[in-house]
Each structure stands twice: as structure tokens, then as C-alpha cells.
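Based on the sequences and whatever the hints tell you, model everything.
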Amino acid sequence: MTLTKLDMLSKDTEDMNSAYDAAGGNSEVLHNHEMSSLVVSGNKVLSANGTEGIVLEKKETENGVDIKMTIQKGYKIPLPVHLCFGLIPKDGIQEIKMDFVAEEDSEVELIAHCTFPNAVKVVHKMDAKMVIGKNASLKYTETHFHGPHGGIEVLPKAYVKIEEGGKYYTNFALISGRVGFLEFDYSVDAEKDSICEMVTKVYGKADDKIRILEKIALNGENARSVIKSRIAITDNAISEFRGITEGHAPRARGHVDCMEVIQGNAKAEAIPIVRVDNPLAKVTHEAAIGCVDKKEVETLMARGLEEDDAIDIIVKGMLA
Amino acid sequence: MSYILTLKKLELCRDGKKILRGVNLEIGNQEIHSIIGANGAGKSTLAYTLMGLQGYEQNEGSIIFDGEDIAELSITERAKKGITLAWQEPARFEGLKVRDYLAIGARDNGGITEEELKDALCKVDLNPEKYLDREVGEALSGGERKRIELASIITMKPKLAILDEPDSGIDVVSLKEIVNLIRALKENGSSVLVITHREEIAAASDKASLMCEGVILRSGDPLEISEFFKNRCIPCDNRIYPLTEN
Ligand SMILES: Nc1ncnc2c1ncn2[C@@H]1O[C@H](COP(=O)(O)OP(=O)(O)OP(=O)(O)O)[C@@H](O)[C@H]1O
Ligand SMILES: [Mg+2]
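Quick note, the sequences are listed as chains F and S, same order.
Here the first sequence is numbered in this note's numbering, starting from 1 and rising by one per residue.
Here the second sequence is numbered in this note's numbering, starting from 1001 and rising by one per residue.
To be clear, the hints were calculated from the coordinates, so they are not data collected in a lab.
Cβ coordinates follow ideal geometry from the N, Cα and C atoms, glycine included.
If a hint is listed, it holds; no wrong ones were tucked in.
Once the Cα atoms are required to be at most 27 Å apart in a straight line, the calculated BS3-like pairs of lysine-lysine come out as:
1) Lys129(F) / Lys44(F)
2) Lys1157(S) / Lys294(F)
3) Lys73(F) / Lys134(F)
4) Lys294(F) / Lys1159(S)
5) Lys267(F) / Lys157(F)
6) Lys1017(S) / Lys295(F)
Taking CB as the label site, the calculated pair distances span:
7) Leu280(F) / Glu1199(S): 55 to 63 Å
8) Gly1137(S) / Ile93(F): 39 to 47 Å
9) Lys121(F) / Arg1134(S): 41 to 49 Å
10) Lys1017(S) / Asp21(F): 56 to 64 Å
11) Glu1072(S) / Glu109(F): 50 to 58 Å
12) Glu306(F) / Ser1062(S): 22 to 30 Å
13) Gln72(F) / Ser1168(S): 53 to 61 Å
As C-alpha cells, this is what we get:
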């Protein structure tokens, strides 16, 4: 295990701090040594603070970092662990490999901020394997900040295994700045009595392209899941959503809920897929694509807002 | 007497059907004016036409507001001049906080203080501690949303508030609160056009008008107009016709 505490004085660090703040984070938490945090800029680990109960290993690679994080058996980490990934220059590639294990009965919240404020030609790849052990719990929030140029490819891919009685909650948000190209690909295996909740919120503009693929296999008895997706697209943006839930065991319960709002020439496609091969399992879905609710827009206009501002408030509310 | 609103021969067609068939109406400054009439008489249609909603652009006649014909103005422009509307069935806003919703109408008046926000909720009998940071969305009951809609009218301080059935979905016990609220709007300088099926609300008005089949049949003392509607009109063929006129 490597535990590094670097002084956060370098130019890189300053840049990452302000980018982190811009992404909605509070860079002070990255200095607070009572909190666990990890800051990666490009392929450099700028700082890494562990706390009791967390084992953090990291290795800088050619284009990024390999991280192995283990929450040790029985540890309930009281404060969230902050992760910050980013790339300050206009172009480049960042590949994060993440191997995460929450051991039996452990509990942790990870808050990740991914920030690419100047991206003109940037690729950010994340390949994660996550194991949520027996009765363990992981809450994972990932918020992106991309800047105004749109020249970015974001490719988060994760395989998640939730063991018996485990809980996994994830929330992915890409609302500020341009999306660029997003391919979100998460696949989950959920065992007996486990809970999985996956929320994605994305706001696409100009010629952004959004592809979201989420798959949950409810393999164990009484496993429960929700996939919730909120996508707003405008101008010439395109989105494709595919939410797959499979019910393979008695009393497995799953629900897929996708709501998309389109404006301008944007095009959206939503495909909820439901597969059940156990007669005692039940999986439901709802998907709606439409324009912004007319009455909501007219109500805000009747309070004095211009139409565009009204639409903006409504869309941001949906994505909040 | 100076009028905040004067309608002359206002006509509106929808899908080829004439729904407003020459509405004439005058509303005085700081007057509470109720509009009563049978279901389908055209009351909500009149409200939407005054606000200039999409699909409710008048075909004939004039809407003079504060001395100016506003027929060509957009919803936003009308709102900026001081007209606003509370819907019979308010919209749901997913993710929008009550405090942010209430602040929107006050933007053009130099914003709103925390005290004013709380005060607006108290006026519609909602506990500010409980509601200010909640969402105007799914989780609220119909009656709660209706109250918040009315609170958003208070914070806007309009010259003319059009309230479409402010009592619908509100429990009977709270009817008095609605009457007080309408009076409070008047005291703060607003004129109020209130569409209602409730005698209690009509009775609290300065003036009332009876709408029938897309026209204003008569205007005058609220009690007299209510009595006329109750005793001198007959239901027939799903419509209500007056016995004397026609
Ligand atoms: N798009 C439309 N095409 C044709 N007729 C319409 C259209 N919209 C409304 N109407 C008709 O216009 C008439 C007036 O409707 P409106 O909603 O204004 O009545 P109201 O007086 O508000 O009734 P209530 O008391 O039930 O609220 C009704 O007969 C209704 O069916
Ligand atoms: Mg009506």
C-alpha cells in the first residue's frame, strides 16, 4: 500500500483545485487530511490521502492511473471519499483503471468530480470493476464539468458485482458545459437481497452525442433495482438510451424509468428492455420522450420570464 | 372611474368553433371582479386569451390593459406589464424548489427577501419551514400545489391577477383563507379577476359578471348576479340559458 501526502503547491495542483471548484466541488476537502481523497491530473497523482479502513494503491501508467481501492471488512467510513480526475490542457488522453472492493459489511461514499475545463480534443476513459461484498454498501456520485468546447470523449465503463445483501447507489451527472461524446456503459450483477439504484442525468447541446447503456441482471432472490435516466437535449444533439433489466430469480424486482426532453433539432431514442425468465420475478419500465411541458413554460412566462429562460429553468429542474 | 382592463367585442375561435363571441367587460383599479357561469361557458378560455397563451390569440375585438391595447403582445410582455394568471390546474415542476419558483415573479421588482418569501407562504396557509425548500413537483398534493401557485401571484405583485377557480381543490375549511388572500392582493394594489363557482368568493367581490355561451350576459352587484344565475337560468341540453334574455 502506498500512502502519499503531497503538499498541494504546484501549478498543476492549483489548476486542478480551480477546475474542481468549477465542477461543483469544494477543493478544500482535497486538503483536509482527515478526509480521504485522491487527485489525478492526466497521468499524475497529485495527492492521495487514505484513512483508516481504506487501502489505496495507485500506479501511474503511460496515459493515466491504475487505482486499487479496498474498503476493509466491517469499516464504515464516516466521511465521503473525494476523487478528482481531470486534464487541464486542451488535448490529451486520460485512462483510469479502477479496481474497487468493498469488503463484507463495509460502507463508503465516493464522490468523484471529473473536470476538463479546456478540453478541445480530450479522451477520458474509465474502466472500473467494482465488487460490493456481502452486506456492504457503496454510494458513488460522479459529476462532470467539461467547459464550452465539446471536443471531449468520455467513455466510462464499469462492471459491478453486488453480493448478497449488498447495496449500490450510483449517480452520474453531466450537466455543465458541453457533453462532447459520451458512451456510458455499466453492467451490474445483483445477487440475493441486494439493492441497485442507477441514476444518470445528462444535458446535451450543439452536436453532442450521448449513448447510455445500463444493464442490470437480477440473479438472486429478492434482488431489487431501479434505473432512472433524465436526459435533455437541444440544438442538433443526439441521444440513445438503452436500459436493460433482467429478472432471473424469484421476487426479483426491477424498474426502468427514462425521461427525455428534446428541443430544436435534437433526436432521442429510448429503449427500455425487460427480460424475465423466472415467473416470480417482476420488471417494469416507463419511457417518455417529449418537448418541455407547455403549461410549465407558459406559467413561468406569465411570471415575466422570456421563453428561453423558462425552458432553461424547467430543464435544469428536471436534471437537478 | 378608471379601468385597468377593458374588453370590447372580444372574439376567439378554436378549431373552427367560436368560443368567445364578443366579450365586453370593464374592471376597475383595485377591483375584485368575479366571473361566474356554467361549465363550458368560456371562463377559462377568457382567462387564457387575456394572458395570450399559445392557441388563444384573439380573432376580433380589443383588450385594453392600463390604457394600451395588448393584443399583439407575448405572454412575457403582458406579464411584464403586470398581468398574470393562476391556472385552474397548476403545472408540476420537477426539481424546482418552492423558494425559486416564488422568486421568479419578483425578479423584475428587484428580487425578494427571505421575509417576503415566508410571508407569501403564510398568506396561503403553508408553513414556510416545511415548504420553502420542497419541490413544486410530484410530492405535493393538488391542494398544496394550488396554494403555492397562489403564493407565486402574491410575490409577483401584479397590476391584474387572473385567478381561475382558486378554490378548486382547496378544502372547504380553507375557503375563508382564499377570500382573505384575494383581499390581501387588493390591499397590495392589485386588481383581481377571479373565476369561481363559489358564492362565498363571489360575495366577497366588488363586482361580478355572469358568463354564458361565450358572452358576458350581465355585470353588477355580486349578490344580484349570483341570484340571477341561480334563479333565472335553466339548464337545458347541457347548457344553461337565462329565462329572461335570449
Ligand atoms: N380546442 C377546442 N376546440 C373546440 N372547443 C373547445 C376547445 N377548447 C375548449 N373548447 C370548448 O370551449 C368551451 C369553453 O371552455 P372553458 O374551458 O373556457 O369553459 P369554463 O367556463 O372554464 O368551464 P368550467 O367551469 O368547466 O371550467 C367548452 O364548451 C369547451 O368544450
Ligand atoms: Mg374553467
